[in-house]
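Asker: Here is what each chain is made of, one letter per residue.
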Amino acid sequence: MTTRSIAPSTRPAILCEDLRKLRGGRTVLDGLDLAVAPGTVHGLLGPNGAGKTTVVRILATLQRFDSGRVRVAGCDVTRDPAGVRARIGIAGQYAAVDEVLTGRANLEWFARLHHLRAKAARRRAADLLERFDLVGAADRPVRHYSGGMRRRLDLAVSMIRSAQVLFLDEPSTGLDPRSRGEVWDAVRELAAAGTTVLLTTQYLQEADQLCDRVSVLDRGRIVADGSPAQLKARAGGTLDDAFLQLTAVRGPERRAG
Amino acid sequence: MSAAPEVPPVMPRPEIWWFAVDSWTVARRHLMRLLHRPDELLGTLLIPVMAVVMFGFVFGDALGAAMTVPGGRYREFLLPGLFALTMAFGIGNTTISVAEDVRGGVLDRLRSLPMSPAAVLAGRSLADLLTVVVELAILMGLGRSIGWQWHGGIGGAVAAFGLLALLRLAFSWVGILLGLLVSGPEAAMKYFALLFPLAMVADTVIPTDLMPSWLAGPASWNPLSATVIATRALFGNAAGPPTSWVGEHAALVAVAWPVVITATCMPLALARLRRSAR
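Taken in order, these protein sequences are the chains called A and B.
Residue 133 in the working numbering is what sits at position 133 of the first sequence, and the numbering runs on without skipping anything.
Residue 212 in the working numbering is what sits at position 212 of the second sequence, and the numbering runs on without skipping anything.
No lab work stands behind these hints, which were simulated from the structure alone.
Keep in mind the model is a prediction, meaning the values are calculated, not measured.
Just so it is clear, CB atoms sit at the ideal spot from N, CA and C, and this is done for glycine as well.
Please note that a few of the clues may not be correct.
[As the list claims (entries may be wrong)] If you anchor each label on the Cβ, the simulated ranges turn out as follows: (1) Ala229/A <-> Leu41/B: 50 to 60 Å; (2) Thr78/A <-> Pro197/B: 51 to 61 Å; (3) Lys190/B <-> Leu244/A: 34 to 44 Å.
[Unchecked claim] Looking from chain B toward chain A, a few residues come up when the C-beta cut is under 8 Å (computed): (4) Asp22; (5) Arg37; (6) Gly105; (7) Leu113; (8) Pro114; (9) Glu248; (10) His249.
When you get a sec, could you build the whole thing from the sequences and use the hints?
Answerer: Laid out in structure tokens, this is it:
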């Protein structure tokens, strides 16, 4: 993928400024700054417990924060959560769909909750089944789906209203390589069509393959930010080297980033 | 494929309208699940059916003797108790199903949609209320096949049905609140057995005056007791005159308890959903 830099004139699709979040007296996010240009795929990398999921949940209006400014798709998440919700999609490792219902029933049901009329919901479900290559399995209960199919259905649900910004929390965790490839293809297609994607991942290969830019999150702060190539060059090796250097236990004399 | 909005825009409607529509949509999912998996409903009915066998037939004559009534008369007394017992075990089903939606991310997804947030929970409780109609109809049919019947008019039976549904509504909100609070469906299943004292330390299987004297008072204040005593009276299945204050004011208490429970648990559940600072 080509590397795009954020032109000063472009308003970021996602913007966090000095985001702070405490939970039970512990600092989860410690002055996080993040800007994601529209139409790009941005990876949020970090070790377990770094705060990746918290960032996504805050951006998706699911969790509150203590201070800072957060804008998604031009809407302030605190002042206009409904505006944000109308413009985002969320999908992730849990594939939040009903296991008992069929893929088609899931899509139609979520479309109704997006306030589409019955006929429009049926049409939208049929479109999305086609687009995410699920026509053959459309009328089977989701519990019989493979991991990759389930994740693709999850993506389809998140795109019911053609989200401008899509959050993917560990989209390929627990998938076999073939299913992972299927999900990557689906994400690439969405990005090519202009959707801004923010994904969290623990797989550096995934970041390398999919992302235009990567932010490395450690202990609630962004410790590095750049294209995968830039991060690799800085570490003088692979993305794994960069990751380990940036998130290793640091002495007090070494500054983060 | 294009990023331009391919979806027709939504008609602007007042919030209360969307609350009603969204609640119905959420409820419909649970009803569709029932059609796909009728065994889930049968699982719910297994406890009262087993209770009919165990208490009605295995222990029936002995329990009837303790109450100085014949076994057949005891089974008539028992059935309204088991209707209410089914309502109590419904708490477990609601809790597990809500906890599954929290764990599986379905609840988060619903909260990220531009829908009415309160409808996420209201729809769940509406589904419980509609399911209970089916459950009670099956149990009443089963009851009739073993000799249970109501002696009052249809009006009394409808009123009794209403009291049971009201109790289930209250318990639905208890289950929703617990489902939002527990750490996961496994925890909800682990503590399922805690529903036994709620279901049985009440006027359900034996009258509270046959319990140890220190327990009889508290048991009569179990929310199930008033509903059971009131429905027994409405069905014409009472074994004798009421022996407690709650028994004498059963209809009143059978309305008051569910109202108090709902008025407590519903706002707590909605607040928990809003806060959701996991």
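Asker: For each hint, tell me whether it holds in the structure or not.
Answerer: Structure-based check of all given hints:
| no. | hint | verdict |
| --- | --- | --- |
| 1 | Ala229/A <-> Leu41/B: 50 to 60 Å | holds (57 Å) |
| 2 | Thr78/A <-> Pro197/B: 51 to 61 Å | violated (45 Å) |
| 3 | Lys190/B <-> Leu244/A: 34 to 44 Å | holds (40 Å) |
| 4 | Asp22 | holds (6 Å) |
| 5 | Arg37 | holds (5 Å) |
| 6 | Gly105 | holds (3 Å) |
| 7 | Leu113 | holds (5 Å) |
| 8 | Pro114 | holds (4 Å) |
| 9 | Glu248 | violated (46 Å) |
| 10 | His249 | violated (43 Å) |
Against the hints set out earlier in the document, violations occur for numbers 2, 9 and 10.
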